[in-house]
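Let the sequences and hints guide you as you build the complete structure.
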Amino acid sequence: MSNCGDQDLCDDGFDYRAFSCSQDSTFSTATPHVKNKDFFMSGYEEVASIVKPSLDCLSQEPVTCHTGYIISAFRVFPGEDREKLEKNWLTWTGARQVYNSLPKHLGLKRLTFHKKLFPDGGITYVLMCECSTLVEHVTEALVFVDHLRARCCGYTALYRPVDVF
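Quick note: the sequence shown uses full-length UniProt numbering, first residue 1, plus one each step.
Hints in this document: simulated from the structure, not taken from any laboratory. Worth double-checking, as some hints may not be accurate.
Listed below are the simulated SDA-like cross-link pairs for lysine to any residue, each with C-alpha atoms no more than 20 Å apart in a straight line [stated by the list, open to error]:
(1) Lys115 <-> Thr139
(2) Lys109 <-> Thr124
(3) Lys84 <-> Lys104
(4) Lys52 <-> Gly107
(5) Lys115 <-> Arg96
(6) Lys87 <-> Pro103
(7) Lys115 <-> Thr64
(8) Lys52 <-> Lys109
(9) Lys52 <-> Pro103
(10) Lys87 <-> Thr139
(11) Lys104 <-> Gly79
This is how it looks when you write it as structure tokens:
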């Protein structure tokens with residue numbers, strides 16, 4: 001495991017200035033910390049979510065060691081029509097592709113779309129895809145993420161929970 005907490009960018013291209021991170025060959029893990037005076041933390045609100053029909057959207061099962069996330073982060077250009085982007089999020093984020101094409105045995109539980117509360121630059125939108133058995137089938141998940149990266153223009157990676165609080 002290599003520690004890239006002193007770098008601004010890790011191998012997956014995501015800006016980790018506000019996180020300490022470590023990576024093994026498959027997953028990235030990030031833990032918030034204050035690196036210096038330039039630390040900036042942004043809040044995000046959930047704009048929309050899709051929960052598999054068999055799940056109750058109010059109940060949240062505890063995260064297991066097999067749970068993993070496909071997280072995509074998106075920047076927008078100044079002057080972009082944010083209202084139009086938020087209306088069509090299923091298409092441009094790849095959420096529709098995830099919902100329709102992700103192998104069933106990866107256990108997609110929910111898709112959530114978040115937007116930055118104060119969009120003053122940086123990552124404006126985040127798509128989180130929670131999968132109950134992603135860690136068990138990581139090779140297939142990596143192949144799927146590569147296809148997603150080819151179609152969508154965001155920073156996309158696989159993540160697994162390290163700590164739950």
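Do the hints match the structure? See the list:
1. Lys115 <-> Thr139: With Cα atoms ~29 Å apart, Lys115 and Thr139 exceed 20 Å; violated.
2. Lys109 <-> Thr124: 24 Å, violated
3. Lys84 <-> Lys104: 30 Å, violated
4. Lys52 <-> Gly107: 10 Å, holds
5. Lys115 <-> Arg96: 18 Å, holds
6. Lys87 <-> Pro103: 26 Å, violated
7. Lys115 <-> Thr64: 27 Å, violated
8. Lys52 <-> Lys109: Holds. Lys52 to Lys109 sits at ~6 Å (cutoff 20 Å).
9. Lys52 <-> Pro103: Holds, at roughly 14 Å.
10. Lys87 <-> Thr139: 33 Å, violated
11. Lys104 <-> Gly79: 38 Å, violated
Comparing the model with each numbered hint stated earlier shows that hints 1, 2, 3, 6, 7, 10, 11 do not hold.
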